[in-house]
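> The residues making up each chain are set out below.
2 protein chains.
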Amino acid sequence: MPHGARRVRGRERRSRDPGVTPLPWRAVDNPFPPLEPLSADQIEAVHEASLTLLERSGVEVMSEAALDLFAAAGAAVDRASGVVRPDRDLVLEQIAKAPSRFTLTPREPAHALQIGGNRLHFGLVSGAPNLHDRINGRRAGNLPDYIRLISLGQSFPCIHFLGSQPAPPIELPANTRHLDIAHANLVYTDRIFHAIGIGAGRVADAVEMVARARGLTAAELESDPSVIVNINVNSPRKLDDAMAEGLMESARRNQATIITPFTLMGAMTPVTLAAALTQQNAEALLGLTLVQLTRPGAPMVYGGFTSNVDMKTGAPAFGTPENAKANLAGGQLARRYGLPYRTSDCNAGNTVDAQATWETMMALWGASMGHGNLIYHGAGWLEGGLVASFEKLVVDAEILQHLISFLQPIDTSPSEIALDAIESVPPGGHFFGTEHTMARYETAFYAPFLSDWRTQENWAADGSKTATERATEIWQRLLADFTPPPMEESRREAIDSYVAHRKEALGSEEP
Amino acid sequence: MPHGARRVRGRERRSRDPGVTPLPWRAVDNPFPPLEPLSADQIEAVHEASLTLLERSGVEVMSEAALDLFAAAGAAVDRASGVVRPDRDLVLEQIAKAPSRFTLTPREPAHALQIGGNRLHFGLVSGAPNLHDRINGRRAGNLPDYIRLISLGQSFPCIHFLGSQPAPPIELPANTRHLDIAHANLVYTDRIFHAIGIGAGRVADAVEMVARARGLTAAELESDPSVIVNINVNSPRKLDDAMAEGLMESARRNQATIITPFTLMGAMTPVTLAAALTQQNAEALLGLTLVQLTRPGAPMVYGGFTSNVDMKTGAPAFGTPENAKANLAGGQLARRYGLPYRTSDCNAGNTVDAQATWETMMALWGASMGHGNLIYHGAGWLEGGLVASFEKLVVDAEILQHLISFLQPIDTSPSEIALDAIESVPPGGHFFGTEHTMARYETAFYAPFLSDWRTQENWAADGSKTATERATEIWQRLLADFTPPPMEESRREAIDSYVAHRKEALGSEEP
Numbered sequence: 105m106p107h108g109a110r111r112v113r114g115r116e117r118r119s120r121d122p123g124v125t126p127l128p129w130r131a132v133d134n135p136f137p138p139l140e141p142l143s144a145d146q147i148e149a150v151h152e153a154s155l156t157l158l159e160r161s162g163v164e165v166m167s168e169a170a171l172d173l174f175a176a177a178g179a180a181v182d183r184a185s186g187v188v189r190p191d192r193d194l195v196l197e198q199i200a201k202a203p204s205r206f207t208l209t210p211r212e213p214a215h216a217l218q219i220g221g222n223r224l225h226f227g228l229v230s231g232a233p234n235l236h237d238r239i240n241g242r243r244a245g246n247l248p249d250y251i252r253l254i255s256l257g258q259s260f261p262c263i264h265f266l267g268s269q270p271a272p273p274i275e276l277p278a279n280t281r282h283l284d285i286a287h288a289n290l291v292y293t294d295r296i297f298h299a300i301g302i303g304a305g306r307v308a309d310a311v312e313m314v315a316r317a318r319g320l321t322a323a324e325l326e327s328d329p330s331v332i333v334n335i336n337v338n339s340p341r342k343l344d345d346a347m348a349e350g351l352m353e354s355a356r357r358n359q360a361t362i363i364t365p366f367t368l369m370g371a372m373t374p375v376t377l378a379a380a381l382t383q384q385n386a387e388a389l390l391g392l393t394l395v396q397l398t399r400p401g402a403p404m405v406y407g408g409f410t411s412n413v414d415m416k417t418g419a420p421a422f423g424t425p426e427n428a429k430a431n432l433a434g435g436q437l438a439r440r441y442g443l444p445y446r447t448s449d450c451n452a453g454n455t456v457d458a459q460a461t462w463e464t465m466m467a468l469w470g471a472s473m474g475h476g477n478l479i480y481h482g483a484g485w486l487e488g489g490l491v492a493s494f495e496k497l498v499v500d501a502e503i504l505q506h507l508i509s510f511l512q513p514i515d516t517s518p519s520e521i522a523l524d525a526i527e528s529v530p531p532g533g534h535f536f537g538t539e540h541t542m543a544r545y546e547t548a549f550y551a552p553f554l555s556d557w558r559t560q561e562n563w564a565a566d567g568s569k570t571a572t573e574r575a576t577e578i579w580q581r582l583l584a585d586f587t588p589p590p591m592e593e594s595r596r597e598a599i600d601s602y603v604a605h606r607k608e609a610l611g612s613e614e615p
Numbered sequence: 105m106p107h108g109a110r111r112v113r114g115r116e117r118r119s120r121d122p123g124v125t126p127l128p129w130r131a132v133d134n135p136f137p138p139l140e141p142l143s144a145d146q147i148e149a150v151h152e153a154s155l156t157l158l159e160r161s162g163v164e165v166m167s168e169a170a171l172d173l174f175a176a177a178g179a180a181v182d183r184a185s186g187v188v189r190p191d192r193d194l195v196l197e198q199i200a201k202a203p204s205r206f207t208l209t210p211r212e213p214a215h216a217l218q219i220g221g222n223r224l225h226f227g228l229v230s231g232a233p234n235l236h237d238r239i240n241g242r243r244a245g246n247l248p249d250y251i252r253l254i255s256l257g258q259s260f261p262c263i264h265f266l267g268s269q270p271a272p273p274i275e276l277p278a279n280t281r282h283l284d285i286a287h288a289n290l291v292y293t294d295r296i297f298h299a300i301g302i303g304a305g306r307v308a309d310a311v312e313m314v315a316r317a318r319g320l321t322a323a324e325l326e327s328d329p330s331v332i333v334n335i336n337v338n339s340p341r342k343l344d345d346a347m348a349e350g351l352m353e354s355a356r357r358n359q360a361t362i363i364t365p366f367t368l369m370g371a372m373t374p375v376t377l378a379a380a381l382t383q384q385n386a387e388a389l390l391g392l393t394l395v396q397l398t399r400p401g402a403p404m405v406y407g408g409f410t411s412n413v414d415m416k417t418g419a420p421a422f423g424t425p426e427n428a429k430a431n432l433a434g435g436q437l438a439r440r441y442g443l444p445y446r447t448s449d450c451n452a453g454n455t456v457d458a459q460a461t462w463e464t465m466m467a468l469w470g471a472s473m474g475h476g477n478l479i480y481h482g483a484g485w486l487e488g489g490l491v492a493s494f495e496k497l498v499v500d501a502e503i504l505q506h507l508i509s510f511l512q513p514i515d516t517s518p519s520e521i522a523l524d525a526i527e528s529v530p531p532g533g534h535f536f537g538t539e540h541t542m543a544r545y546e547t548a549f550y551a552p553f554l555s556d557w558r559t560q561e562n563w564a565a566d567g568s569k570t571a572t573e574r575a576t577e578i579w580q581r582l583l584a585d586f587t588p589p590p591m592e593e594s595r596r597e598a599i600d601s602y603v604a605h606r607k608e609a610l611g612s613e614e615p
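Taken in order, these protein sequences are the chains called C and V. Taking my numbering, the leading residue of the first sequence gets 105, the next gets one more, and so forth. Taking my numbering, the leading residue of the second sequence gets 105, the next gets one more, and so forth.
The following block holds chain C by itself, in its conformation from the complex:
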């Protein structure tokens, strides 16, 4: 304690209010300029090297339809190997056709996302094969838990969009699972979600379902997009057939296509950050070019997912210094091409402890200060993505609310500088009961729902609960209180019947 500090914990609450009142829905703009670890010259060096890589060695594309598009546009295409070598003029000409900003509207129009510029959006975890919470333990993805997970996401307005199949329900048949996922997303949340980009059919089904949930036709959705399709390049330098088909269907439908090379340094790229960024950039540009060759002007997003492995073991790592820097540098590359930027907020913790938290904060700082427009895995990611954790989701929501509050500008108007209020208290006094304080104290500061600021004695008397243990109480309460956002009966019937019709058409495969 500083010399002369008075203890100010006198007015201690007797017990903690167990209620949770998350921050309301809010557009989050980053008022700071982006942090840029690379100079303009360095960005040009990476840019030029990646274009040379595309021209000289290219990317394997496992789709005849995609190869046809590249060949028709004049790219060098080797039909035997599937390798495409587009020249730099073709690439730059194509990606220049994309908009730098666009809007995605979910079934609740108030939750539309303006993608681009300095606006940040945070997403629920994507693609975790397992779930975990401290009550029920670790288990494989299943539909009841899927619904609970996305309901928790819906409970926090700081989670602006759902990840791509946050935790796939693997007990369901693989060929129709995407219908159940989209149906649950539409019934239990009112946020932007993903069509699963594995093949054209899943994308088309999601588009058809969102259109019905919005009371639009699928054709109308082409001029008013709702769906995100995330396409992973299989690094190094390979775009597989299902992803290529999903990409092209997304573009044909004019939905938001994100191209995200999955580039773990030391495994899928060389160990140097400069090489990883070069390879990431080449792979992203290849996919982005294919989007525009499919439908000129289709909305698309530059994705980066560059982290490193533990070179002692090969284990993937996230929230490392290298990952945080890659998150910043990826934003520079996206802006180089005038495209919105998708990045991530990951960690490699095995439990919701200090490590999971510092890694999350490192990655989040890079993602947000790199002006990520879509920050994936913002809530619930654990074990390097192998688990969607309910406690981590709650901790992450608190962290996101901290960040959102941090990004609010400082008001220095005269009533805020408040010289009179300062002068109303004599030297050595205090401000607890002053008029200026009383008029503002309820809203002056961000009020966290998860922090415990009681004295050690009171905290210990209440069971010495860690933030993770308190998070368990919070998700239980949120799920007990959860009500799905209302949907017009006719729209609900339309999506129910679409799913029934499609399941009949697709038949049932074993999961």
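If you're looking for bench data, these hints aren't it; they were derived computationally from the structure. Any given hint might turn out to be false.
[What the hints assert, rightly or not] Label-pair ranges, simulated between beta-carbon atoms:
| hint | chain 1 | residue 1 | chain 2 | residue 2 | range |
| --- | --- | --- | --- | --- | --- |
| 1 | V | Glu592 | C | Gly533 | 49 to 55 Å |
| 2 | C | Gly537 | V | Ala565 | 54 to 60 Å |
| 3 | C | Asp193 | V | Met542 | 48 to 54 Å |
| 4 | C | Gly532 | V | Ala322 | 32 to 38 Å |
| 5 | V | Gly532 | C | Arg205 | 51 to 57 Å |
[As the list claims (entries may be wrong)] Here are the simulated DSSO-like cross-link-like pairs (lysine-lysine), alpha carbons at most 27 Å apart as the crow flies:
| hint | chain 1 | residue 1 | chain 2 | residue 2 |
| --- | --- | --- | --- | --- |
| 6 | C | Lys416 | V | Lys569 |
| 7 | V | Lys569 | C | Lys569 |
| 8 | V | Lys416 | C | Lys569 |
Just so it is clear, the structure is predicted and the values come from calculations on it, not from any experiment. We put the beta carbon where it would ideally sit given N, CA and C, even for glycine.
Given chain C's structure and the hints, the job is docking chain V onto it.
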């Protein structure tokens, strides 16, 4: 997991190496421009308001000698109340006399600190009345634990300086405790440390002892300073007698004087951040003016310590969004006056959990991206400063090492972009055994000592230890392996004999 991702955890270590190899000593420069939440106009508004506050209402200074200095310089001084009202010209003229950069040299010259510009330094916790670790529990400060705490600080070269009496040994007599503290600091560490700024005598004793440990005279130390003296203003608007005397002695000795108002919004200042910054600035300027009135040109540092209280309970909070913004804005004010900046990296957690970590990271981002030159409480602070925690110290050292690695520039030279290395692996291959990887893999990435990146199965088989539990193993090992940095026998004898002589002169008071 992204579609198409390969599991890369195959080469799992069988057991973790328990060794700890901290990053070596390194100057840490922030390559990014400072993040600035206030516009130039807003900074001027705060600046002008704080000067008006000084002129109109002033600050109470409880020292006749200080009042004499202010009066002699032409400031309005009310002898009855002790209130000083310096006009703005006097304040600005005085603080302009201070250097914008200076060097502090401890007994190990390689660990000198260049204070100013974009160089960051991280400090061990200051002033915690208690200690805690998971083996020995919570206890009041005592000399054996003090030595263990600073030995842990010495074990991590990322901790550049000691806090002001990191955890005071309260069993020792109050009037000579500072001698035992300085002696321990000099024997067990070779870092810059603080003279305790409570009265002139403690400052003089620290200066005399450091001089002997460096083989210099106290007079020589005036042109080659070694000591930091942190002066807290007792907000609102009061500088007590002991702090004023400590301030003036530090200035007379030409050591580094830091003026840090302790401004918890809602308690010691109004609830608005603009008012808190205005009051902080006025209080800091008053103290900084007194430094220059005492000795023109003496090195000094602008200190900020603005956070908020929980308005429901009055409990102090740290690492809040408001605290992080105040850390950034304080840097803008320091740069407005051409002075180095001291800020802090605090949290209000009761245990080393997710909350303590996210609060630490929020505060640390504000402190480091605000270009704090001296970042206090960078390692070991817990419970809002009531406890120095051994586990938190280890976690914080890991976080600091992450930050330091994050601040290293990205190399984009041709061998790093490494087009040939990228092209040497075919589409869909991997880079584990490539020549480029093999030549670099041991040093390519920052290697954390505390992170556990093993699979869930292996982590669970090894006891499911959290980062906090692993930190316990690490501090035990570091203390078992600790060797104090060597000191010439003659210098050791000189400080031993100084302490003995001074204890005899001061007599023994009850602690």
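> Where does the structure disagree with the numbered hints, that is, which hint numbers, in rising order?
3 and 5
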